[in-house]
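Chains as they are written, first to last, in the working numbering: chain A, 1015 to 1187; chain B, 60 to 190.
The hints are simulated quantities; they were obtained by calculation from the structure and are not laboratory data.
One or more of the hints may lead you astray.
[To be verified] Think about it this way: if two alpha-carbon atoms lie no more than 30 Å apart in a straight line, the pair counts; the simulated BS3-like pairs of lysine-lysine are:
{"hint": "1", "chain 1": "B", "residue 1": "K120", "chain 2": "A", "residue 2": "K1055"}
{"hint": "2", "chain 1": "B", "residue 1": "K133", "chain 2": "A", "residue 2": "K1055"}
{"hint": "3", "chain 1": "B", "residue 1": "K112", "chain 2": "B", "residue 2": "K139"}
[Said to hold, decoys possible] Restraint ranges, calculated between C-beta atoms of paired labels, are given here:
{"hint": "4", "chain 1": "B", "residue 1": "N128", "chain 2": "A", "residue 2": "Q1022", "range": "24 to 32 Å"}
{"hint": "5", "chain 1": "B", "residue 1": "M83", "chain 2": "A", "residue 2": "V1020", "range": "41 to 49 Å"}
{"hint": "6", "chain 1": "A", "residue 1": "Q1022", "chain 2": "B", "residue 2": "L87", "range": "50 to 58 Å"}
{"hint": "7", "chain 1": "A", "residue 1": "F1042", "chain 2": "B", "residue 2": "E123", "range": "41 to 49 Å"}
{"hint": "8", "chain 1": "B", "residue 1": "E111", "chain 2": "A", "residue 2": "N1018", "range": "31 to 39 Å"}
Backbone N, C-alpha and C define an ideal beta-carbon position, used for all residues, glycine too.
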Amino acid sequence: MKKNKVNQMTLCAILISMALVLSYMERFIPLQMFIPLPGIKLGLANVVTLMALFFLGTKSAFTILIIRCVLGAVFGGGISGLAFSLTGGILAMSVMCIFKQNRRVSVFGVSILGAAFHNIGQILVAIFMMGSVYVIGYLPYLLLVSVFTGMATGSICAGVFRILKTNTQIIQN
Amino acid sequence: MGKTKGMRLRFCIGDVLVIGFVVMLAILIGVVFWIKTGTEEGNLVVVYREGEKIRELSLDKNTEIFIENSYTNKLVVKDKKVAIVESDCPGMDCVHSGWISGKGRSLVCLPNRVEIRIEGEVDSEVDFIVR
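Could you build the full structure based on these sequences and the hints that come with them?
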């Protein structure tokens, strides 16, 4: 039992550091060269969020998300960055939690929903920060792009999960 | 690990519905927004900093101004269009937004907390009112 707890804690720590590195690394992917829109990114950290959600459960996933956002702000996002990532992240996580149980939606669908609601959350913060509703004008573009970024992260997730599944079976046997 | 029974890894019909939902939502918001803004002519450029109106410009007069806050944006009005052509903010999303015109359109520089919005008519454009 105790070993399990240490296991879980270590896993959480690894996932947090992975998420931080991924969100830093994806700044170097020049996605804006292809889609010239504000705030476009691949959302690779969502792979980690999904992993946490599926392997560790809702509670740990939320903990990982919040710690990741706070650390991300400390390392360079700043307070306004924290508001964006936390609101987007929590909204995305909540929606993914709801659809995780749905047997009709695969990891791809969950990932797309996560990406879409992450953008919706960020636009909500932007409306609040700028004191202007006109920022909503960006949302349709962001939503359309999130279908593609969600597919991309979803397929990464599917690959990672497959490998993890077979490997843990080997370990357990 | 291993609690992965409730998860599907293959793309399935539910995912198509999810994509459909997101695309429909995008189109819906886009259409509503399009109808509300941008279809009318407007030539008043209003500069907001931290949500506060700091400057008004006419879209009919070619000008260049600098907007200072945490960063500096260079705003150019040219040929009835407006753009942020230079900025030292990270990301430079505002510069990538390009040239805008039409009432209700806006340029946003989030790091600098600046919004440039095109609003209705400039009063000076009204030469006289006949009653």
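Hint check results:
Only pairs whose Cα atoms come within 30 Å are accepted, and B/K120 paired with A/K1055 is rejected, the gap being roughly 36 Å. Simply put, B/K133 and A/K1055 have alpha-carbon atoms about 25 Å apart, close enough for the 30 Å limit, and the pair holds. Taking the CA atoms of B/K112 and B/K139, the gap is near 21 Å; set against the 30 Å cutoff, the hint holds. Remark: the range hint 24 to 32 Å for B/N128 to A/Q1022 is contradicted by a beta-carbon distance near 44 Å.
For the pair B/M83 and A/V1020, the supplied restraint of 41 to 49 Å holds, since their beta-carbon distance comes to about 46 Å. For A/Q1022 and B/L87, the Cβ-Cβ distance of about 42 Å falls outside the hinted range of 50 to 58 Å, so the restraint is violated. At about 33 Å, the CB distance of A/F1042 to B/E123 disagrees with the hint of 41 to 49 Å. Taking 31 to 39 Å as the suggested C-beta distance range, the pair B/E111 and A/N1018 does not conform, at roughly 54 Å.
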